[in-house]
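S.K.: Residue numbers (my numbering), protein chains in the order written: chain A, 1 to 564; chain B, 10001 to 11059.
Derived by calculation from the structure, the hints in this document are not laboratory data.
Computed from a predicted structure; not experimentally measured.
Just so you know, even glycine gets a beta-carbon here, dropped at the ideal spot from N, CA and C.
Wrong hints could be hidden among the right ones.
Stretches of chain A that chain B covers, calculated by requiring three or more beta carbons in the stretch to come under 8 Å of a beta carbon on chain B [what the hints assert, rightly or not]:
no.	segment
1	189-202
2	293-302
Chain A is faced by these chain B residues, among others (derived, beta-carbon under 8 Å) [said to hold, decoys possible]:
no.	residue
3	F10598
4	Y10682
5	V10959
Calculated lysine to any residue pairs in the SDA-like style (CA-CA distance at most 25 Å, straight line) [claimed, not checked]:
no.	chain 1	residue 1	chain 2	residue 2
6	A	K390	B	H10464
7	A	K394	A	E177
8	A	K394	B	G10271
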Amino acid sequence: VGLYACKKSFLSRDPIGQLGDADVATKKGVEELLIGAYAVLDGNYNGFNWQASCTNWVYGSIAGGDAHKGSNAGDQADINPIERYEALSTNDFFNVKWKAVYDGVARTNNVLKALAKADVSDADRGRIRAETRFLRGFYHLEAKKMWNNIPYVDETVDYVANNYKVANTEDAWPKIEADLKAAYDSLPAIMAQVGRANKWAAAAFLAKAYMFEKKYAEAKPLLESIMANGTNPKGVKYALAARYQDNYNADTKNGPESIFAVQASVNDGGQGNNSNPDQILNFPYSDKGAPGGCCGFFQPTQELVNSFRTAGGLPLLDGTYNANPVKSDMGIAADKPFTPDAGPLDPRLDWTVGRRGIPYLDWGAHPGISWIRDQSNGGPYSPKKNVYYKSQEKVLTDGSSWTNGLTAINYILIRYADVILWAAECEVEIGSLEKAREYVNLIRERAANTNGWVKNAAGNAPAANYVINEYATPWTDKNAARKAVHFERKLEFGMEGHRFFDLVRWGEASSTLNAYIAYETTIMSLLKGVKFTEPKNTYYPIPQRQIDLSATNGVSALKQNPDY
Amino acid sequence: CCCMLLLLCVNSTFAQTKKISGKITAENNEPVTGATVQVKGTSTGTVTDVSGAFSLTVPNNATLVVSFVGYKPQELTVGAGSVYNISLETSASALNELVVTGYTTQQRKDIIGAVSTVKAKELVAVPAGNAEQQLQGRVAGLTVLSSGQPGTTSLVRIRGFASFAGNEPLYIVDGVPTFSIENLNSFDIETTTVLKDAGSASIYGARASAGVIVITTKHGSRRNDGKIQVTYDGSYGWQTPGKGFDILNPEETAKWTWIAERNAGKVEANGNPTHPQYGTGVNPVLPDYILAGGKTGVFAGDPAIDASKYNVDFNKGDIYQIVKANKAGTDWYDAITRTAPIQQHAVGLSGGSENSRFYAGFGYYNQEGVVLSTYLKRYSIRANSEFSIKNRVRIGENIQMTFRDNPQLTNLNEGNAISLAYRMNPLIPVHDEFGGWAGTAAKGFNNPSNPVANQTRSKDNKGHAFGIFGNVYAEADILKDLTFRSSFGGNLFSFYANGITSRTYENSENIGSDQLYENSGYGYSWTWTNTMRYEHTFGINNIKALVGIEAIRDGAGRDMNGTGLNPFTNVVNYRTLTGTQSSGRTVGSEGSPGNDIFSMFGKVDYTLMDRYLISAVLRRDGSSNFGIANRYGTFPAVSAGWRVSQEEFLKGVSWINELKLRGGWGKMGNQRIDLNNQYNLYAASASFSAYAIDGASTATFEGINKARIGNPEGRWETNITTNVGLDATLFNNTLDFIFDIYNKKTSNLLFNPELPGTVGQVTYPTINVASMSNKGIDMQLIKRGTFAKNWRYEANLTLTTYKNKITKLSEGVDYFDGNSFGSSRIGTFTRNAVGQPISAFFGYDVVGLFQDDNDVKNSAAQDGAAPGRFKYRDVDGDKKITAADRTFFGDPNPRVTSGLDITIGYKGFDFNMFFYAVTGAKVINYTRWFTDFFPSFPGQAISGRVRDSWTPENKGTTVPIFEDVSNFSTNTQPNSYYMENGAYLRARNVQLSYTLPASTIRTIGMEKLKIYVQAVNLFTITGYKGLDPAVSGVDTNFGVDYGNYPLTRQFILGLNAIF
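Assemble the whole structure, with the sequences as input and the hints as a guide.
M.R.: Encoded structure:
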């Protein structure tokens, strides 16, 4: 007969390489949980999630008429119905975006839960709590833009408490405001690292929330305060970067225009996940001599390109720019000659769009069709703001993946130009039209800096016929002024993921997008039969999977958005 | 852990003993290897060696029982002599064999659980790199899904699927539990027993719920002449890749490209489509060159065809390729495959003396895969020996050492060589004009990469594994009927791999860097088992009892891995991580502390009058995978049997030799969840929680995030099986019939339901919430006999059926999608839902193609509807096709699987055929998404199916119109168009062998010589249009063909010899 005398410990095995609740309820633990909460600003919680991209290139730019999906029709086919305003609630893109945004929320709540139990100084506790609430407000704001009817999740929500099936029936704005306001009230201006949210980043996001709520009276003084006093965490006063393109270059990141950015890093042991892998598809498609290596997505629309047409150095606010479209190389073989458009154009076009014959950063002139995967599906243009310089390849791009399209370029969530143009919107709605004009002119003045224009191959002259002027005539008509401000945002922020959400908050989505569809359909069959329908298409459908997962006894805590 | 073992020694007296020896032969004077010679009523015994010899020390006047699989047991009393040669008669009844079962052995007649055995020679009939594959079709109730990749791990399932937490059967090799037998050399295996129901398997309670396969390896025998027996089994053969995919030739591909573009209205101003290679004419024109420098669609005489500019060396500057169009068409499947050699050699040495015996086995297995750069090389050594001390104590060990080198491709993946073979346009040649690789760098062919280049570049990638598996044991006969045994065994392994992913130039999406990877690790598990066995017969009563305790640590180990970029050169011997560039290196390591189990168990078998049998089992297990409160589980089982044929009223029925009714009920457990499940955990990840908070471009700050929500309440999953069976041997022992019907219900099933996004992206807790049921019938029929002078035959039919149903998932969640494996670009095809079998196919049910505009108008409203496109079933009848119309349209679970083994013998000749058949299974042929729809990846290869695609003139087809349109009604939804019938009949083995007459052989000093020729997988009859209908996967997502390594034909010559 054998007998074991065993301690209980034989059956207690501790995990390897993992921390427990007690480990993280410490100063170090809370600080690192907070870093972890910043880490998903890019939407990248488990892989290269372009569905959840922080740049919203699908939900903001493609749906907003800035760009086509591009590539082949069948590649990432789930984007097609989003581009065509026909997406179903079962479309996996929405579910991934939802999961990414709420993972951000959950990470912030995990900071607060650990903080409640941790022994930290009052000063640290206040700062950590404020940074965390900033992030929580940000993540919810991101969800709010997408779905409007969203659950607001705070640190009282917990798996063990079984209250995690949170309803989306209550308006989340007050709670988002409260988070951002708390951050604004308690955060210092100066922070240890430039990537952290400081007082002024919180102010800018609070202002953004106000703008979405059309609370111009609250937004205006806040924006003015940012312009008067705002600095980045290193004490550098906010300003427009001298050159527009400095906002899209890894070498000049965290400049004075960057109020809050998603910090990108490469070759850091993270296998490209800390770069902006959500942009991996969005490079020209070519065998050689082109940046990235994949996959020909995110192609600017002809309508966007036409918008940069100027007359007397000013945009054609009446929409007549489409009557005189910018010349394209659609259907022109690579070895057939092509001369780019010679008419007057806003110089920002060639930092926003890659088009044939114009130098594509230091990659040489864009060669046209040989960099395009399927012109008939995506048009003749390439994206540019997410693209790195040839001289930066493998230095500021990650080498650990099959593609070079993982860059250290920050995506700026709010730049100083946002603040100026929001202020201009406020002035139009509740203030002085002349003040609005002054703000818009600040933006145009920077764009007019010839030092910042794309040069020809020789580097001795502008690459195209750039003509840009400030609005010289005083603004007297409120509608015209509003049009000018809104259009300035379209030009200034082209391909930056804001367009669709701007159109929705302005109430202009239906008219603008249906006009865009009508025009673009004359060039490409892609959008044939497409219609933007209000109110249905103003918000995306709540992901069906999340509705299913939030059910108890067959009744879901989540209610689907209207008409889906 | 401080486990102590107290041995209580009991004095006892033994009778006078003497030494005997002898030889056991069969009817034709063939030696019987592995026969058991045992002193009746004791555990004293031995096993015959390869020449049938044995020697044994026995008490005077002992009764010897000689038994062997397939032969009638014989008894004889030891008299004055010391040499006993015994000739066994074929009992021809599987019912009388000696069967190794849980912790013990039993005669088949006493078995009342659902137990199947596989003969050693059946197991090795077909060569395989993994013994589990050789079980396919041999056992009723066992299904094996396996690809043709050398060394692949198969989906082995006993009686369907009981769990979401793991359904691999538990293997017990020489008493040591393991979940993988890939290191075993099948020639070393002596017995294989499959325990299928609770009555037979619950003695392994903790991990038995998916069934148990008990394997013992060969032993030498005690004999007194000191002679060593040598066996040799060797074979050499060729594997042919067979036919590839039905792909359009280059001319047709171009023609159908034009049709697709015209059907979509995608034409240029001139009214014609355009393509970088085919031009923009009324008809497409194949170019002479697909690439010259940066130029595509080039014709002879073009200045770009300038050999002096040619360069494919990155160090020398820009790449400049000149690639001729292969107008005859490249057969890419042919290009990635080869006729590959397969060989195996096994040498066995066995022998013994009065007080010791040994078996040593040496194995070499070398299978080149039919796909380039895939192979399995396995070297194994086995050393089994046993020493007797004073006839009462036996000490021994079974040790196996194996070295494997087994680079594999990622099966069932759109990027593997097999998938690339159906994706590459046939106009592309394998090589360019000067020996470089050709590929999709030539525009117009989309983005597949050259699979021949990929496989060739990876030819030096290594994946080694070294493992030691085995046990040491001691057995002591404490009393005449009481034996104590202690065994300590386990598994210790290490692995190492290195290789390179090369920088490429020939593709449209090139790899930008040479990436070197290197990883290694070690792992171990151990099991310490102590049992006490008692057997006693008093009068008409026979009682057998077993009690034991067991401690297990399973799955402990650590590993580390690293990658680095752009070594100075990628010459094999320069490949070290040290030699890579300093930036861009990544490192990682991880480990598992192992799962500890502590168990106590007991079993009692009681037989009355050799006809009424009762058995009871009780096992109590504690597992470290559960929190303190729920750590222990108790697993009882009871079975009963009635040998009706022993009753007086049947004694007179001459055609019934044996008839037994049996039934059992019992509980088994499953605890295969992550040990970490009980804890809330946080982890640092350089990829997903680090962040460059200071704005640096090439460095991050460490961050952590919650990695797991713990469930301290987790407990044992319970599987309750009821089994009723019947064994019959009829017609003068020429027919065996074994029948089992069962109902297997798993409750408190461990499942980790997805939680709402609001809890964050963590590993969700596994909770005891789901339930599942399996019902089925296992049947085996064996018929044997002679039909003329010198002619003999044997046929063995196994039939397996099961019906699996998920009966509950969790509160509010009634499905989860099978997206954990493979990759579909249009969403998952499999859904695991309440009321459905596991891995059921889900999506839109195609009822046909829209035939005309009227058809579209009169049908339910459907996005993208147009003539020639899919018409989906309006399941909810609301006249709109919405997400609610998705439905379950198929099931990959087979209705019936069967194996039929037929041997016909004439004198020394034997002709064997083994067929394996699957019916009722469906397969999703996902490869159609790439090849049947133009816009999926325009420019890739096109399936021959489109020749029969819908046109207004060809309406009676199931193949949709071929057009460059991607929408809801074409190629963007999982639907039933992709489903094909996965039924098949395969001739697994056709073999002709000749055994030379013993008299001839002895003159050259041999005992036996058999030579054979063999065709493996000679033919497969199936309606499946892909390469192979046997499509594996994981339990919750299988039967979807994402590019499957096929089983292919093999022709083999072999011999086995005994010296």
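S.K.: Check the structure against each numbered hint from earlier and tell me which ones fail, lowest number first.
M.R.: Going through the list in order, the structure violates hints 5, 6, 7, 8 and respects the others.
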